[in-house]
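Protein chains in written order, with the UniProt record's numbering: chain A, 1 to 196; chain B, 1 to 269; chain C, 1 to 98.
These are computed hints drawn from the structure, not numbers from a lab. All C-beta atoms, glycine included, are put in the ideal place defined by N, C-alpha and C. Be aware that one or more of the hints could be misleading.
Stated by the list, open to error - Which residues of chain C face chain B? A few of them, derived with a C-beta cut under 10 Å, are:
id	residue
1	M1
2	L20
3	A25
What the hints assert, rightly or not - Beyond 10 Å from chain C on every Cβ pair, some chain B residues (computed):
id	residue
4	R78
5	K88
6	T103
7	Y154
8	D162
9	L168
10	H199
11	D215
12	G217
13	P218
14	W232
15	W238
16	R260
17	F267
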Amino acid sequence: MAPRLANPHEWSRIAFNLSKVALVVHIFQRYIGGISPTAGMSMVPTIPVHYHKRPYILYSSLHRRGRGVKVGDVITYKSPVVASSQGCKRIVGMPGDFVSVVTPGRRDEDIEAVDVDGRWASLGQQVVQVPEGHCWVAGDNLEWSRDSRLFGPVPLGLVTGKVLAVMLPLSDAKWLGGELDVKDVQEKEHEWVIKR
Amino acid sequence: MPPKPPIRIPKTSAPVARTRFAPPPPTKSTPRTPTRSQPSHPTPPPPRTPWYGTRPIRSGLIWTANTVAMGCALLWVRDHHVDVLSIKGVSMAPTVNPELHETGKKDWVIVRPYAQSGHGRGVERGDVVTFWKTHKPEECGIKRVVGLEGDTVYVKRGYALDKQEGKLGGMPDGLGSLDPDAVDGRMEEVGKVVVPYGHVWVEGDNSRFTLDSRDYGPMSKGLLMGRVVWIWRGWGEWVRMGDERGKKEKARASRVVEGRAELPAVFLE
Amino acid sequence: MPPPLPLYTLDALEPQVNVLPNGKARKPAIKLSDCTLKELVQYKCNLSISETKGQAPIILCEPFVRLLRQCEGGLSVETTAWEGWKAQQEGGTRNTSQ
Numbered sequence: 001m002a003p004r005l006a007n008p009h010e011w012s013r014i015a016f017n018l019s020k021v022a023l024v025v026h027i028f029q030r031y032i033g034g035i036s037p038t039a040g041m042s043m044v045p046t047i048p049v050h051y052h053k054r055p056y057i058l059y060s061s062l063h064r065r066g067r068g069v070k071v072g073d074v075i076t077y078k079s080p081v082v083a084s085s086q087g088c089k090r091i092v093g094m095p096g097d098f099v100s101v102v103t104p105g106r107r108d109e110d111i112e113a114v115d116v117d118g119r120w121a122s123l124g125q126q127v128v129q130v131p132e133g134h135c136w137v138a139g140d141n142l143e144w145s146r147d148s149r150l151f152g153p154v155p156l157g158l159v160t161g162k163v164l165a166v167m168l169p170l171s172d173a174k175w176l177g178g179e180l181d182v183k184d185v186q187e188k189e190h191e192w193v194i195k196r
Numbered sequence: 001m002p003p004k005p006p007i008r009i010p011k012t013s014a015p016v017a018r019t020r021f022a023p024p025p026p027t028k029s030t031p032r033t034p035t036r037s038q039p040s041h042p043t044p045p046p047p048r049t050p051w052y053g054t055r056p057i058r059s060g061l062i063w064t065a066n067t068v069a070m071g072c073a074l075l076w077v078r079d080h081h082v083d084v085l086s087i088k089g090v091s092m093a094p095t096v097n098p099e100l101h102e103t104g105k106k107d108w109v110i111v112r113p114y115a116q117s118g119h120g121r122g123v124e125r126g127d128v129v130t131f132w133k134t135h136k137p138e139e140c141g142i143k144r145v146v147g148l149e150g151d152t153v154y155v156k157r158g159y160a161l162d163k164q165e166g167k168l169g170g171m172p173d174g175l176g177s178l179d180p181d182a183v184d185g186r187m188e189e190v191g192k193v194v195v196p197y198g199h200v201w202v203e204g205d206n207s208r209f210t211l212d213s214r215d216y217g218p219m220s221k222g223l224l225m226g227r228v229v230w231i232w233r234g235w236g237e238w239v240r241m242g243d244e245r246g247k248k249e250k251a252r253a254s255r256v257v258e259g260r261a262e263l264p265a266v267f268l269e
Numbered sequence: 001m002p003p004p005l006p007l008y009t010l011d012a013l014e015p016q017v018n019v020l021p022n023g024k025a026r027k028p029a030i031k032l033s034d035c036t037l038k039e040l041v042q043y044k045c046n047l048s049i050s051e052t053k054g055q056a057p058i059i060l061c062e063p064f065v066r067l068l069r070q071c072e073g074g075l076s077v078e079t080t081a082w083e084g085w086k087a088q089q090e091g092g093t094r095n096t097s098q
């Protein structure tokens, strides 16, 4: 092995092959899908938040630009306000659908405040219709989420993929999607979720 | 305009890559033959088959891998460096497709994608850009950027002339028009729009036949694909992208007052 | 960012469902109460720091149930506020008719 590595041509061959691999991986992630770490509070408890061990999601880029996504799916999208940052939220309405108006959740200055009269993320008495080519997104954690309540409907052209599953941590691993998460109405009360 | 045409993967590319860079390393079992044209020549059966199979299988795998890599390279060049699109509409006449109505002649445009592929960094007023349409996510559009974030646009037609009472605007500052006491900064005057942070205002040069920001509002920079640099009208007819608008078209365009926008505090990390 | 969206009050929702975005009437018309009622559970989560020292903070999530009516043809209408309003209306009209 050693005499081969002494040859500079061998090094350039290795570098060329590595760059080919990197290119294929990059294109695969952009057009087909991949695994990616996430951060942020907005999808708790579906996607947990860990400061040391970041949760990993499996995403499909075949659903980019909103191909074949439906209400209840979790998507990744380029933020309409800061295009260089990616968001991950749940779709509540597709084009033509009607969604309830829910007031935005807490802001940073509310961090110490106590919610006494349900000021944050409270349901309004009005609905809006999602315009053509857009979707309405909301984080699963409505109190700490910057979503369509702030920046309005998201153009489907900004959707980069659909989140298929949470992979890590293993205790929260599960499949996601509208057909799993939009259920028939259950009679019993929903319980509070406690995360450690 | 149609979605981008799929890029064909040229089948001839792989052998080039192989002859230049990847002559398969000789293994103990199959001694290297000087002529590559007869790889499946019946040699004495090897005592051990390597995991990747015999020589024809291996060269087939290498060929496939190189073809895939070449296809990815072409996609990468299209995403990050140069793209070519055929333009079907007349919304940018007379700059693009000036003769479409008379002769049906279509222009091709050479697009320089924004470096960070789709983040719209470096876009300027007057640039002609291609983008994914907000109302039809699988279609590309071409328009001129008239206003940047923070600019005030006074339109002469479009939705901004309608009454805005009782409507829910996108709330870039986090204050909604839901709150009756809140002052909606974007719409204090009929016909006036302040372009929010991270957005641009696009208009077609041909103001009579165009569907643009006057109809669908400011457009997020994330939808921008690239800046049009050249127009191709046939062999020898290369035109640098400029501004061919006459007085009439300019008179119909919206008036823009330059301004600045800062990221609303609610979006700070 | 699309143009400002019209807001519809709960009593305007049922007729509005049958108006397509381009202003034409939906054919065949959809009756909202005939669509299947579904739910999507979201949450309101907050960090709760316990009084006793040394314990790791926990995240408490209060469920926020969104009710959806999913109609034939793929239309989805969020009726979280409408369901209660409708029940009240029907209860109210029944009372007056008696």
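Hints, verified against the model:
no.	hint	in the structure
1	M1	4 Å, holds
2	L20	14 Å, violated
3	A25	21 Å, violated
4	R78	28 Å, holds
5	K88	22 Å, holds
6	T103	33 Å, holds
7	Y154	16 Å, holds
8	D162	8 Å, violated
9	L168	5 Å, violated
10	H199	6 Å, violated
11	D215	8 Å, violated
12	G217	5 Å, violated
13	P218	5 Å, violated
14	W232	33 Å, holds
15	W238	36 Å, holds
16	R260	18 Å, holds
17	F267	14 Å, holds
Violated hints, in rising order: 2, 3, 8, 9, 10, 11, 12, 13; the structure is consistent with all others.
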